[in-house]
Amino acid sequence: MRYLPHTRDDIETMLKVTGHSSLDDLFAGIPDHLKTKQGIDIPESLSEWELNTHMEALASLNIACKTYKCFIGAGSYDHYIPAIIPYLISRSEFMTAYTPYQPEVSQGTLQGIYEFQTMITELLGMDIATASHYDCGTALAEACLIALRKSSTDNKIAVSSLVHPSHRQIIQTYIRPAGFEMVEIPYTKEGLTDIAALEQMKGIAGIAVQSPNFFGNIEDLKAFKTITEAKNILFIVSFTEALAYGLLKNPGSLGADLVAGEGQSLGLAKSFGGPGLGLLAGTHKQMRSLPGRLIGKTKDANGADGFVLTLATREQHIRREKASSNICSNNGLNAMTAAMYLATAGKTGIREIALQNHDKAEYLKKSLMSSGFLPAFHTPFFNEFVMKVPENFEKKRKTLIDDHCVFAGLNLEPFYPELKQHYLFCATETISKDDIDNLAKEVRS
Amino acid sequence: MRYLPHTRDDIETMLKVTGHSSLDDLFAGIPDHLKTKQGIDIPESLSEWELNTHMEALASLNIACKTYKCFIGAGSYDHYIPAIIPYLISRSEFMTAYTPYQPEVSQGTLQGIYEFQTMITELLGMDIATASHYDCGTALAEACLIALRKSSTDNKIAVSSLVHPSHRQIIQTYIRPAGFEMVEIPYTKEGLTDIAALEQMKGIAGIAVQSPNFFGNIEDLKAFKTITEAKNILFIVSFTEALAYGLLKNPGSLGADLVAGEGQSLGLAKSFGGPGLGLLAGTHKQMRSLPGRLIGKTKDANGADGFVLTLATREQHIRREKASSNICSNNGLNAMTAAMYLATAGKTGIREIALQNHDKAEYLKKSLMSSGFLPAFHTPFFNEFVMKVPENFEKKRKTLIDDHCVFAGLNLEPFYPELKQHYLFCATETISKDDIDNLAKEVRS
Amino acid sequence: MIQQPGTSGLIFNEPLLWEKSRMGRCAMSLPKPDVDRNALDADLTGDAPNLPELSELDVVRHYTRLSQWNFGVDSGMYPLGSCTMKYNPKTNEVQAARQGFSGAHPLSGDEFSQGALKLMYNLEQFLAKITGFHAVTLQPAAGAHGELCGMLMIHAWHARNGRQRSKIIIPDTAHGTNPASASLCGYESVNIKSGPNGILEPETVAAAMDEDTAGIMVTNPNTLGLFETHIKEIADIVHSKGGLVYGDGANMNAIMGIVKPGEIGIDVLHLNLHKTFSTPHGGGGPGSGPVAVGKTLEPFLPVPRVVKDLNTYKFITDCPDTIGRIHTFYGHFGIMVRAYSYILSMGAQGLTDVSKLAVLNANYIKESLKGTLNLPYDRPCMHECVFNDEFQKQYHITTMDMAKRLLDYGFHPPTVYFPLVVEGAFMVEPTETESKENIDQFIHAVKSIAQEAKDNPEQLKKAPRLTKVTRLDEVLAARKPCLRG
Amino acid sequence: MIQQPGTSGLIFNEPLLWEKSRMGRCAMSLPKPDVDRNALDADLTGDAPNLPELSELDVVRHYTRLSQWNFGVDSGMYPLGSCTMKYNPKTNEVQAARQGFSGAHPLSGDEFSQGALKLMYNLEQFLAKITGFHAVTLQPAAGAHGELCGMLMIHAWHARNGRQRSKIIIPDTAHGTNPASASLCGYESVNIKSGPNGILEPETVAAAMDEDTAGIMVTNPNTLGLFETHIKEIADIVHSKGGLVYGDGANMNAIMGIVKPGEIGIDVLHLNLHKTFSTPHGGGGPGSGPVAVGKTLEPFLPVPRVVKDLNTYKFITDCPDTIGRIHTFYGHFGIMVRAYSYILSMGAQGLTDVSKLAVLNANYIKESLKGTLNLPYDRPCMHECVFNDEFQKQYHITTMDMAKRLLDYGFHPPTVYFPLVVEGAFMVEPTETESKENIDQFIHAVKSIAQEAKDNPEQLKKAPRLTKVTRLDEVLAARKPCLRG
Ligand SMILES: Cc1ncc(COP(=O)(O)O)c(C=O)c1O
Ligand SMILES: Cc1ncc(COP(=O)(O)O)c(C=O)c1O
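Heads up: the protein sequence lines correspond to chains Y, A, P and X, in order.
Sequential numbering of the first sequence, starting at 1, is according to our numbering.
Sequential numbering of the second sequence, starting at 1, is according to our numbering.
Sequential numbering of the third sequence, starting at 1, is according to our numbering.
Sequential numbering of the fourth sequence, starting at 1, is according to our numbering.
Hints in this document: simulated from the structure, not taken from any laboratory.
Mixed in with the good hints there might be a few duds.
[Stated by the list, open to error] Here are the simulated DSBU-like pairs of lysine-lysine, each with C-alpha atoms no more than 30 Å apart in a straight line:
{"#": "1", "chain 1": "Y", "residue 1": "LYS37", "chain 2": "P", "residue 2": "LYS295"}
{"#": "2", "chain 1": "A", "residue 1": "LYS35", "chain 2": "X", "residue 2": "LYS436"}
{"#": "3", "chain 1": "Y", "residue 1": "LYS285", "chain 2": "P", "residue 2": "LYS480"}
{"#": "4", "chain 1": "Y", "residue 1": "LYS299", "chain 2": "P", "residue 2": "LYS462"}
{"#": "5", "chain 1": "Y", "residue 1": "LYS37", "chain 2": "P", "residue 2": "LYS232"}
{"#": "6", "chain 1": "A", "residue 1": "LYS388", "chain 2": "A", "residue 2": "LYS66"}
{"#": "7", "chain 1": "Y", "residue 1": "LYS35", "chain 2": "P", "residue 2": "LYS232"}
{"#": "8", "chain 1": "A", "residue 1": "LYS433", "chain 2": "P", "residue 2": "LYS295"}
{"#": "9", "chain 1": "X", "residue 1": "LYS436", "chain 2": "A", "residue 2": "LYS16"}
{"#": "10", "chain 1": "P", "residue 1": "LYS32", "chain 2": "X", "residue 2": "LYS129"}
{"#": "11", "chain 1": "Y", "residue 1": "LYS66", "chain 2": "P", "residue 2": "LYS314"}
{"#": "12", "chain 1": "X", "residue 1": "LYS232", "chain 2": "X", "residue 2": "LYS295"}
{"#": "13", "chain 1": "Y", "residue 1": "LYS249", "chain 2": "P", "residue 2": "LYS32"}
{"#": "14", "chain 1": "P", "residue 1": "LYS241", "chain 2": "Y", "residue 2": "LYS322"}
{"#": "15", "chain 1": "X", "residue 1": "LYS308", "chain 2": "A", "residue 2": "LYS396"}
{"#": "16", "chain 1": "A", "residue 1": "LYS388", "chain 2": "A", "residue 2": "LYS420"}
{"#": "17", "chain 1": "A", "residue 1": "LYS299", "chain 2": "X", "residue 2": "LYS462"}
{"#": "18", "chain 1": "Y", "residue 1": "LYS66", "chain 2": "A", "residue 2": "LYS66"}
{"#": "19", "chain 1": "X", "residue 1": "LYS314", "chain 2": "A", "residue 2": "LYS398"}
[Said to hold, decoys possible] Sample of chain A residues with no beta-carbon within 12 Å of chain X, all distances over it, derived:
{"#": "20", "residue": "SER151"}
{"#": "21", "residue": "LYS156"}
{"#": "22", "residue": "GLY179"}
{"#": "23", "residue": "LYS189"}
{"#": "24", "residue": "GLY203"}
{"#": "25", "residue": "LEU374"}
{"#": "26", "residue": "PRO375"}
{"#": "27", "residue": "LYS396"}
{"#": "28", "residue": "LEU419"}
{"#": "29", "residue": "GLU442"}
[Said to hold, decoys possible] With the Cβ distance kept under 8 Å, some of the chain Y side facing chain P (calculated, not the full set):
{"#": "30", "residue": "GLU44"}
{"#": "31", "residue": "GLU56"}
{"#": "32", "residue": "PRO82"}
{"#": "33", "residue": "TYR134"}
{"#": "34", "residue": "LEU248"}
{"#": "35", "residue": "ALA269"}
{"#": "36", "residue": "GLY306"}
{"#": "37", "residue": "GLN316"}
{"#": "38", "residue": "GLU352"}
{"#": "39", "residue": "TYR363"}
Source: prediction; values computed, not measured.
The beta-carbon is built from N, C-alpha and C at its ideal position, and this holds for glycine as well.
Chain Y with its partners taken away, still in its complex shape (with noise of 0.2 Å):
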């Protein structure tokens, strides 16, 4: 096999070193009842080009090997990836390197995701980043473990209703064995998370709150930051769509205390959903809470700058079962790409993608009204919005997908039984007007 370098010759003269008489015999030390009494029952191996023919015929069972128009986000983001990072991004030295342990020969990975948690502190107006997280479902439940363990009286933490749903589970599956406990927050008429109900709310630890929320719509986070600082709680943002703070005022300035977000935006594939990128970011009085990693300069033996993991005395190698996390390796390679796409965006890029996203999707809806539907909600949203749709909608949905490869929307009833026949629209710089009014025409009714 290709990847096993041993000639029957090394294998020979290394058993003779190691003393013993056969490979099997490597294994006399595992008394025999414990070993296994039959083979690894799989297909036998394929060679590289078997696997490509394989591989290819799996891969085209996904309507994804056709170009298709996907109008669907709620948490995964259709955009464009500039040529070069894919390519930079492939470089042996970053991809087959492990966590920077060692950091005379790590610069690269170390300085790469020290500019990163700067770039994410410049994006959410947060004192401090993160190194990354799984995504940002975890990121949110961590965040809201940190909000819970300050509090010594409550053991609730209050999260809007339009949080992503998967996120809000995640928070359950998080917290409940350790005897914590979620409340939701209801949404109002508007779609957006209900002050006053939060306002009643007893016995709260923090509260979460996404926005753009999964509705789409921008909720006005200072108004919650009131409530936090009344009840002097952690106020706790969350997002799913990066982009949107290319162009939306950044929740440090707006007085969220932690930030958890999902970063796949900022170049990473959509692959069904996996590997995202969790961005967790808060601010210094949080610096000793925050779980997983940090970079942070420092100076070599010669006074040079450099780049090494610090503040590893919260994490779990050190503190073990004190530990604020149990987090070790993170989604290190996802950062880099995410650095990656921001240093070729740019200031002035960030802007103005985001600006079209904003642009598609309100385009979009004007299109989508035009053909019949209903807006359930008139409250400003980045790029994606909620929809009523006539009747027949359903079906039209079925045919467009088989028919043009197009993905018209996102059924909210199995996520909000209340919201029949509603679904969740997206648009972003990847949609052009075109693909909207052939979309428009397709479902007027």
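Given the structure of chain Y, go ahead and fit chains A, P and X with the ligands onto it with the hints provided.
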């Protein structure tokens, strides 16, 4: 434009230094009547995303956009390319470097090409291989010029009529203006170069024979050597399928003075015929007449091994009009690719792949015979052979392409008018038994 | 004489991105607007984030230069213990990049995602066969995430049995993530010691195990690279007291085709696809940490789960006992594609050879170096072996000094100061993809360094000399944290 | 103070391939045979060529390490005069890799190759528009091949006119490939001198031109980076004596959108796509050297030619006056795809900006360094400027010493000792893709080196210090040629 880093400020500051009032002023020295009056009439610039759409649309006008089965060789062969090769060759240190004029920062290219030269001499059994040429045809033409220049008396080169038709045309183009002449050696009923005819020829400065020849048949090179020795002229061997020498006796062992070959089979995409890889090798005797670059081993100031461009005194940048050739840039990156391929295949790999090519071709021939095709010759071949096809074949062939993306052989009539209804077939390791059985079934008459 | 790979050459300084920034540059090709601009109310919008402005060449050169400051498996031998730094096949990258996979939207619906679902279903089956378990989830995003997933299931199982427990037994040979994962479930760690020969003794476990203890977390082979030969008895003890056994399978590379954890009393096990199954580490992830379980725990697996009926595949969520969801979508699908490609490329025989050769390489190093470095536990090892700096103490040379000196020789150092049970640990995991010549070169390097420790300790203290930067001041970094530019 | 890019870091020694070889290894995945083995007669077959036997990781590591010994445009500024080392856009590589292009068989037939034919047809049109000519061939595989193609056409033209000529005029500022190309056509070179200000004077040409002279080869802008302002008069002189004017357009990067060679008396011109049109040099090719001609020479273009009728494209070969074929198929199609992508990405305005900024960068360097290095021809330059080591002679420092020292500063040196008209030439072509900061860094480096030449000449003689190898003995290499291992 993202490739142009100059900001407005940059331009102003720089113009101050150069003492120009504007960018146009930089060209003040060019008389107005020499400047063009109208701009460049080409389409306006495309964004990276428009370019992707445009290019994919163009590419999809080529049948190759689908995975098609290619039973055609004739100088361009379909072989498997290991995934590591495109990855490694795309590393920018290889891809974006110039000719290694500064050896201290070009040792990667230099050692790589030195290894290439070495492996090519191994493959061909020759003493010296150059750092590459454009393609087999141009390399062969240069080889003919070497032979012709060597002779004080004779100005003819005898070229087998079974040398690739394009190569014979290139030889014509190259030698004619210098007052040389090409005479073609006819072929026999066995589909081999007619030695008897050759023996009669007078005033010949050298001969060129291709093996496997254009019909895929293996020539008896030894027999030609006897003649060239008798006539004391140069014996030039060419080939279009480099993998043949994973199996066949190499030309060096059979007495070739010069070998010109095509290296496309060694890890290079067909790419509509170019860039391929011209291989050119010779005996020690020919060293100083060989055109193009050579890499040699030497020592650095500390006595460490290193590599440099050498014997440049043959080359145009030193010798100018007295140079052995005008070639400057060659096909270096493709030589590096071929080296990667040869190192990947190794001694056992190249033999096994060569064997499989021959096995598949033999099986294809048998299968076509069982479908009513008649072998044109009964001569040993490598992975190509000629068949006389049934009446209705041309129509069938067309439908095979339209319905199944199968290219069933190459019509020889345009190249050899006497060979009506004769097709050249090829099978490589990429063709499966099923592909062949299906083809045989489809063409059964 | 063996020539060592380490040498020095021309590389490049490169400033921080924003130091290269010039107003007005943009490396992004901006799509041409084709619809009207539609401004948001000004009070919602802020200033554009202050990101660096560069040309495309600036960006390309920046990251090309940064990459050259890094050391990867493709650069040289990377015997980082417990990390299984094997070769990451390039064909796996090709497979993951196929449009049908990389372009797939997670919410396209089962009907239009059959390729992805089938791949996930098959991969679950493969991993179940390899580990000897009944069912697998691919949702965990990394090894530690897998541990959390597994511990949540144990926690849910006790809850469902009506009586939650408060403690979990964790041996001193466990990876730091184990106790951290357990405490996320509210379990208090009961740390127990491994025996004198580095493996767990049933008595120790028996002494610690009681009705308030949820179970035990065992890494097998353990972090000393030793196989826990009493695992079955230990499992019986834990089970007899109503506990469950969590297996950390990050070291599975040692025993594929030899031992199936599911057959020897383990109830739940996580794997690291980014170790055993050749997916790249990426300088710290993304990884993938599937969890395998027996029938007992299957009902508790996270949702959604992939199921097959007839020849179609679908996600199901109606699992009453599930611990719930632990990833926004289905886990790190892109990593699954790579691991799936690897398993298909190897086959059963190939995977078994992997473990045999990984163990051969480790034992060969152990035998070759045990005179040179102190070997606290001198017994046949599995895929890795743990030395320490006992012999070098007399010259005031530490494991860290030797590790840094190895860089000058052109090798990535082993894992140092882990596991904690061995003071000054020097933990070597060569993996099966390193050839005998590379390993001999490594052995020779370590021996030369041990010699230098005697003859020329200063040289080790000054190491590394050849790297772009010398030893970095980690204390300064932690004392005055500077986490952004 | 400006920090220079050059520094040193850890890289790796790597033996020759065969020194790593071990019998029985194979990095190739061998297809599984599915038909019977069918042996050839033994007397036709030889031993398998003795190629190195390696594992896949061996191969990957070998070339990864080799690559790190190289310097490319992505590594740093590469102001190699006459070579136009501009940034090679990555998107061009993506386009060339599309299955529809890279997988296309050259003999699939016009009907099934419309995409390739259309691309070639359009590219010919684009290049014709850019150069102001009537027709273009894309067949030449490189610049020198283009020269040969062009000279063959001139030769064929004279032949068709019934009287072949024997000589060709070539100025001392011409690239070495020009005379070499001419002599391949049997023309004897008549070398003439450029005037005191570095450009050709009509009188000189008039004196040399006669009825036995086929024409003249002019590089414009010439290899001194100067524009030949008398080109029109010179062309008139040559034409009046029945000769033709060959234009070497390898320096087209200076004048796109400003001057169209086809409008100023040039009869035939070659371009280097691997210079002006951003395709990568690949460490020495493959390039592409299209040739543009006016109506006079069009009938002589090589075959096959691409033509369009209605909306389909086809190759034609029935051109009675054609010089014939110069490439086995159609030239370097893969390179054409890249250049086509570049032209579409830039558009007319973009290409004009390219030339303006390339000329701005060169003049900025000329002005900034002319006090530091001697500038033999002190006049406004085009895309490059040529200095020499006159000022440094007093310290016994040569152009070579300064070039090697530049490596330590982290820059690829300029072209040295070319053009031959300038003794000790130091020829700088920054190209338009280098930013002002990079250029200032370069200027600063050259000034520092000039200072070192005074203060510390030894340091220059010893240069380069930071590279993997020091100066190499080229004499030894040529005296005892060792061309294979
Ligand atoms: C034994 C062991 N368990 C668990 C882990 C944690 O895996 P991850 O880093 O993917 O979270 C590791 C890796 O560091 C490990 O070596
Ligand atoms: C002015 C000039 N003409 C011709 C050439 C030859 O081009 P190529 O190397 O592509 O054959 C070059 C490149 O070296 C050149 O600079």
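Here is how each hint holds up against the structure:
Note on LYS37(Y) and LYS295(P): the hinted pairing holds, with a Cα-Cα distance of about 20 Å set against a maximum of 30 Å. Straight-line distance between C-alpha atoms of LYS35(A) and LYS436(X) comes to about 27 Å, which keeps the hinted pair within the 30 Å bound. Our distance criterion of 30 Å between C-alpha atoms is met by LYS285(Y) and LYS480(P), whose separation comes to about 15 Å. Simply put, LYS299(Y) and LYS462(P) have alpha-carbon atoms about 15 Å apart, close enough for the 30 Å limit, and the pair holds.
Restraint check: the Cα-Cα separation between LYS37(Y) and LYS232(P) comes to about 16 Å, which is no more than 30 Å; the hinted pair holds. A threshold of 30 Å between alpha carbons decides the hint, and for LYS388(A) with LYS66(A) the separation of about 29 Å falls inside it, so the pair holds. For a cut-off of 30 Å, the pair hint linking LYS35(Y) to LYS232(P) stands: about 11 Å separates their Cα positions. Between LYS433(A) and LYS295(P) the CA atoms are separated by roughly 44 Å; this puts the pair beyond 30 Å, and the hint is violated.
A C-alpha spacing of about 13 Å is found between LYS436(X) and LYS16(A), which places the hinted pair at or below 30 Å, so the restraint holds. Taking the CA atoms of LYS32(P) and LYS129(X), the gap is about 25 Å. The hint holds against a cut of 30 Å. For the hint pairing LYS66(Y) with LYS314(P), the CA-to-CA distance comes to about 21 Å; that is within 30 Å, so the pair holds. The suggested pairing of LYS232(X) with LYS295(X) holds, with an alpha-carbon distance near 18 Å, which does not exceed 30 Å.
For the proposed pair LYS249(Y) and LYS32(P), the alpha carbon gap of about 25 Å is at most 30 Å, so the pair holds. A distance of roughly 27 Å separates the Cα atoms of LYS241(P) and LYS322(Y); the hinted pair therefore holds under the 30 Å criterion. In summary, the hint linking LYS308(X) to LYS396(A) is supported, as the alpha carbons are separated by about 28 Å, within the 30 Å threshold. With a C-alpha separation of about 8 Å, the suggested pairing of LYS388(A) with LYS420(A) holds against the 30 Å cut-off.
For the hint linking LYS299(A) to LYS462(X), the alpha-carbon distance of about 15 Å falls within 30 Å, and the restraint holds. Using a Cα cut-off of 30 Å, the hinted pair LYS66(Y) and LYS66(A) holds, with the two alpha carbons roughly 13 Å apart. Distance hint between LYS314(X) and LYS398(A) is fulfilled; the C-alpha atoms sit about 18 Å from each other, no more than 30 Å. Distance check on SER151(A): its Cβ is at least 16 Å (rounded) from any Cβ of chain X, clearing the 12 Å threshold; non-interface status holds.
Every beta carbon of chain X lies more than 12 Å from that of LYS156(A), the smallest distance being close to 16 Å; the non-interface claim holds. With a closest Cβ-Cβ approach of about 6 Å to chain X, GLY179(A) is found to fall inside the 12 Å limit, against its non-interface label. No beta-carbon of chain X comes within 12 Å of the beta-carbon of LYS189(A); the shortest separation is about 20 Å. No Cβ of chain X approaches the Cβ of GLY203(A) within 12 Å, the least distance being about 19 Å, so the stated non-interface status holds.
At roughly 19 Å, the least C-beta separation between LEU374(A) and chain X is larger than 12 Å, which holds for a residue marked as non-interface. For PRO375(A), the shortest C-beta to C-beta distance to chain X comes to about 14 Å, beyond the 12 Å cut-off, and the non-interface label holds. No beta-carbon of chain X is positioned within 12 Å of the beta-carbon of LYS396(A); the least distance is around 15 Å. The beta carbon of LEU419(A) sits about 16 Å from the closest Cβ of chain X, which is more than 12 Å, so the claim that it is off the interface holds.
Even its closest Cβ contact with chain X, about 18 Å, leaves GLU442(A) beyond 12 Å, as expected for a residue assigned away from the interface. Interface restraint check: GLU44(Y) against chain P, minimum CB-CB distance 5 Å, threshold 8 Å, status holds. For GLU56(Y), the suggested interface contact is upheld, since its CB lies about 6 Å from the closest CB of chain P, less than 8 Å. The beta carbon of PRO82(Y) comes within 6 Å of a beta carbon in chain P, closer than 8 Å, and the hint placing it at the interface holds.
Taken as an interface hint, TYR134(Y) checks out: its beta carbon lies about 4 Å from the nearest beta carbon of chain P, inside 8 Å. Satisfaction of the interface hint for LEU248(Y) is found here, the shortest Cβ-Cβ separation to chain P being roughly 6 Å, below the 8 Å cut-off. The beta carbon of ALA269(Y) comes within 4 Å of a beta carbon in chain P, closer than 8 Å, and the hint placing it at the interface holds. The beta carbon of GLY306(Y) is positioned within 8 Å of a beta carbon in chain P (closest approach about 4 Å), and the interface hint is therefore held.
Because the closest C-beta pair between GLN316(Y) and chain P is about 4 Å apart, less than 8 Å, the hint holds. A least Cβ separation of about 5 Å between GLU352(Y) and chain P falls short of the 8 Å threshold, and the interface hint therefore holds. Because the smallest distance between the Cβ of TYR363(Y) and any Cβ of chain P comes to about 4 Å, under 8 Å, the interface hint for this residue holds.
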